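Turn these sequences into a full structure, and let the hints guide you.
From first to last, the protein sequence lines are chains F and B.
Counting in numbering that gives the first Met the number 0, the first sequence runs without a single skipped number right up to 188 at its last residue.
Counting in numbering that gives the first Met the number 0, the second sequence runs without a single skipped number right up to 422 at its last residue.
Accuracy of the hints is not assured; some may be wrong.
To be verified - Partial list, derived from the structure: chain B residues whose beta carbon lies under 7 Å from chain F:
no., residue
1, Thr159
2, Val160
3, Asn163
4, Thr285
5, Gln307
6, Gly357
Read the hints as simulated data drawn from the structure, not as lab findings.
Predicted model only: the values in this text are computed from it and were never measured.
Don't be surprised by glycine CBs; every beta carbon is placed ideally from N, CA and C.
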Amino acid sequence: MATTTSPEPTRRDFLYIATGTVAAVGAALAAWPFIDQMNPTSAVLALASIEADISQVALGQQVVFSWRGHPLFVRRRTPKEIAEARAVSLADLPDPVARNANLPDDAPATDANREIKPEWLVLVGVCTHLGCIPTVSTPQSPQGDYGGWLCHCHGSQYDTAGRIRKGPAPQNLAVPPYSFLSPTRLKIG
Amino acid sequence: MSGPSTYVPKSGIARWIDTRLPLPRLMHDTMMTFPTPRNLNIWYTFGGILTFCLGVQIVTGIVLAMHFVPNANMAFDSVENGIMRDVNYGWLLRYIHSTGASMFFIAVYVHIFRGLYYGSYKAPRELLWILGVVIYILMMATAFFGYVLPWGQMSFWGATVITNFFSALDQIIPHLGTAISTWLWGGFAVGDATLNRFFSLHYLLPFIIAGVVGLHIWALHVPGNNNPLGIDVKGPQDTVPFHPYYTAKDAFYLCLFVLLFAGLVFYAPNLLSNPDNYTPANPLVTPPDIVPEWYLLPFYAMLRSVPQKLIGVLVLAGSLLTLVFIPWLDTSKARSCRFRPLMKQFFWLFAADCVLLGYIGAQSADASWTLGGVNVPLVWLARLGTLYYYGFFWAIMPLLGIFETPKPLPDSIAKSVLGAAAE
Chain F
0 MATTTSPEPT
10 RRDFLYIATG
20 TVAAVGAALA
30 AWPFIDQMNP
40 TSAVLALASI
50 EADISQVALG
60 QQVVFSWRGH
70 PLFVRRRTPK
80 EIAEARAVSL
90 ADLPDPVARN
100 ANLPDDAPAT
110 DANREIKPEW
120 LVLVGVCTHL
130 GCIPTVSTPQ
140 SPQGDYGGWL
150 CHCHGSQYDT
160 AGRIRKGPAP
170 QNLAVPPYSF
180 LSPTRLKIG
Chain B
0 MSGPSTYVPK
10 SGIARWIDTR
20 LPLPRLMHDT
30 MMTFPTPRNL
40 NIWYTFGGIL
50 TFCLGVQIVT
60 GIVLAMHFVP
70 NANMAFDSVE
80 NGIMRDVNYG
90 WLLRYIHSTG
100 ASMFFIAVYV
110 HIFRGLYYGS
120 YKAPRELLWI
130 LGVVIYILMM
140 ATAFFGYVLP
150 WGQMSFWGAT
160 VITNFFSALD
170 QIIPHLGTAI
180 STWLWGGFAV
190 GDATLNRFFS
200 LHYLLPFIIA
210 GVVGLHIWAL
220 HVPGNNNPLG
230 IDVKGPQDTV
240 PFHPYYTAKD
250 AFYLCLFVLL
260 FAGLVFYAPN
270 LLSNPDNYTP
280 ANPLVTPPDI
290 VPEWYLLPFY
300 AMLRSVPQKL
310 IGVLVLAGSL
320 LTLVFIPWLD
330 TSKARSCRFR
340 PLMKQFFWLF
350 AADCVLLGYI
360 GAQSADASWT
370 LGGVNVPLVW
380 LARLGTLYYY
390 GFFWAIMPLL
400 GIFETPKPLP
410 DSIAKSVLGA
420 AAE
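See below:
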């Protein structure tokens, strides 16, 4: 077939570009189901909130519940632990944001912004580095230098408000959305 | 393939096939008459050994997949009870497969270090080398997916840590990394959906590897083999036909390799694996020390040596990406370390560095050594090791090519091998 070059776009040029565009958009649309099928199914997303009975938690103790496949830490802090957490200056925190789902995104990471009641610390028990579960520190078995948690995988240390203090983790332990149904009953999620 | 084909069909049927699909011709030219340098040593037999390893993994893997159940509640039991106790010879097939992964990596590390020592990545073999890096990365991905399948504690937490690498992207674009992790998991954490897709990918990737191996061999057969002298083949006097010379040599060393393989399978099948993986996966308890399989330890040590998440992940990714650039980082005119007195020393230091990083990767995050009364945290040694890993490729390789004077290269392979008789 003979081809002629013309300075003006021809009908053939238009058809060429239009066909190519339709093919590209069609390919992208066809690819999306293959990508999106990897996302959580509606059954997984429907995982409802849990309720937790905290009446048996002793002072200074931590209990672990399971929430959305992750461990959920509920720690009943001693007055000393609360005082330690409150004494920390914001300038000493690697992550200055509260990471509290119950507060605005930019709330500062003061101890008060990390809980609803000072005595009860409720946290997602997943290290913000690479997802291991940190070990709780107790006076009998101290973990790390800050009295909170130590992640054994890569050495991240958290204080008694669950804030990152040392190590590779970039963020404070997350505070999930939760509320007190009664003084001894929590609703998480 | 280099040179014109020498294939002559020996029968009417062979001629009939040759004019329609010249597959016998291809096999003849690549595996029979292919001119191969006459001085290849033991370290050049690992290409064949690796092909054997891939075959063993595919065959045992297909059989194991007939008995494995990719379900978070049943996977551990289907492996430890079903395959290891109930299935006829299931224990043997599984131990061949799990030991086979380690043997595969032993062989690939010999193969890679051989390539580094003799400068096999240098022109005109850059693409050959890069395809090798692609195979190596695919191997690591396949091994990782496979390690998750028995759904033990190390499976689960290994999967958690590795997939969380992507969450580091949160530090560049907020929520992007978390979205990717969730997409990879198919949930809010590693779980049933993750196991299922990893099984699917673990079955797929070996065939992709086989395809890239095909390209790797194709790219090898254009310039032909490098050799321990690192000089080009100058004529037929420098080569011997692949068969029977190297088929025999490869077969002999393959037998020795299989001897070691069988020794591990029958006498120490768990030597290179972690006992924690005999505990079923528990999403609520992380084992006190999580470590990857031995072949990933040096990279793990580099990751842990950095106290910042995003940079740590980038250092890890960069250590692999660096391998792609080696053909252009090495500026020396001589290929082989045999004629590079300084490079040879840096090379062995690099090998020792990889072993040191591997050792540190296996220790706990806060371990330390006492050297001459001084307490040295291992993380500092890992930092030094990481620095040397990068320094070796990005500083020593380019600079040494300029400042080092290589020893005189021999005139030809034939002269070097046969001496005066080659005249």
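Exercise. Find the hints from earlier in the document that the structure breaks and name them by number, from lowest to highest.
Key: 6
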